[in-house]
Amino acid sequence: AQTVTQSQPEMSVQEAETVTLSCTYDTSESDYYLFWYKQPPSRQMILVIRQEAYKQQNATENRFSVNFQKAAKSFSLKISDSQLGDAAMYFCAYRTSSRNNNDMRFGAGTRLTVKP
Amino acid sequence: DTGVSQDPRHKITKRGQNVTFRCDPISEHNRLYWYRQTLGQGPEFLTYFQNEAQLEKSRLLSDRFSAERPKGSFSTLEIQRTEQGDSAMYLCASSLWLGQANEKLFFGSGTQLSVL
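Going down the list, the protein sequences come from chains Y and E. Residue numbering for the first sequence follows the working numbering, beginning at 1 and increasing consecutively. Residue numbering for the second sequence follows the working numbering, beginning at 1 and increasing consecutively.
In short, the hints are calculated from the structure, not lab data. Honestly, I wouldn't trust all of these hints.
Below, simulated EDC-like cross-link-like pairs (lysine to aspartate or glutamate); rule was C-alpha separation at most 20 Å, straight line [unchecked claim]:
| no. | chain 1 | residue 1 | chain 2 | residue 2 |
| --- | --- | --- | --- | --- |
| 1 | E | Lys71 | E | Glu56 |
| 2 | E | Lys104 | Y | Glu61 |
| 3 | Y | Lys55 | E | Glu103 |
| 4 | E | Lys71 | E | Glu28 |
| 5 | E | Lys104 | Y | Asp31 |
| 6 | Y | Lys115 | Y | Glu10 |
| 7 | Y | Lys78 | Y | Glu52 |
| 8 | Y | Lys115 | Y | Glu15 |
| 9 | Y | Lys55 | Y | Asp26 |
| 10 | E | Lys57 | Y | Asp103 |
| 11 | Y | Lys70 | Y | Asp26 |
| 12 | E | Lys104 | E | Glu44 |
| 13 | E | Lys104 | Y | Asp103 |
| 14 | E | Lys71 | E | Glu52 |
| 15 | E | Lys71 | E | Asp24 |
| 16 | E | Lys104 | Y | Glu52 |
| 17 | E | Lys57 | E | Glu78 |
| 18 | Y | Lys73 | Y | Asp103 |
Produce the entire structure from the sequences given, and follow the hints as far as they go.
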């Protein structure tokens with residue numbers, strides 16, 4: 001079974017600085033999708049960025065980028081120029097490419113604090 | 001359209017009572033998912049619908065849980081004979097499924113259930 005591990009329960013960053021959140025996963029599949037979701041205090045999960053495993057190029061969305069290391073099964077999120085609004089829980093998630101399985105597996109999350 | 005809405009936002013009930021939650025997805029979305037999230041954990045998949053058909057149920061969904069999406073629009077999740085272990089946040093998400101597993105899920109703000 002696929003598992004997702006986020007080894008950092010909490011992280012903090014100074015406003016305008018850069019922070020990297022770690023995520024590792026376990027799978028025997030070669031084709032899958034990886035996601036980072038943000039959950040602010042409002043509780044609504046928001047998709048930050050996604051990566052297809054067959055793509056070697058790391059995904060980027062404005063200040064958010066990933067470092068996808070397929071062999072190491074690592075999928076870290078880098079937030080550049082951190083803003084106060086980035087403070088939230090961040091969840092890494094894995095999903096198989098199989099159409100027969102729609103179970104998206106989430107990690108336990110990392111709480112990010114942004115210091116002014 | 002303001003996104004995925006869930007009602008109620010909070011629910012407090014006594015052990016043994018039945019509760020029902022409602023989710024209204026984004027109007028053109030054909031898929032609807034239910035997740036459960038306990039404190040300090042990421043969301044766990046419960047079940048999902050494609051239009052009105054319930055296509056998959058997690059082992060987490062015991063016989064006391066039932067979900068419906070009668071007209072392929074809103075969905076309800078009912079828990080019968082609630083137990084204290086049912087206390088959690090119940091998240092709903094919807095998506096426009098076009099055949100790819102990297103579909104974008106849009107989440108609601110959840111219903112926080114407390115069973116006393």
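For this session: Compare the structure with the hints numbered earlier in the document and write down the numbers of the violated ones, lowest to highest.
Result: none
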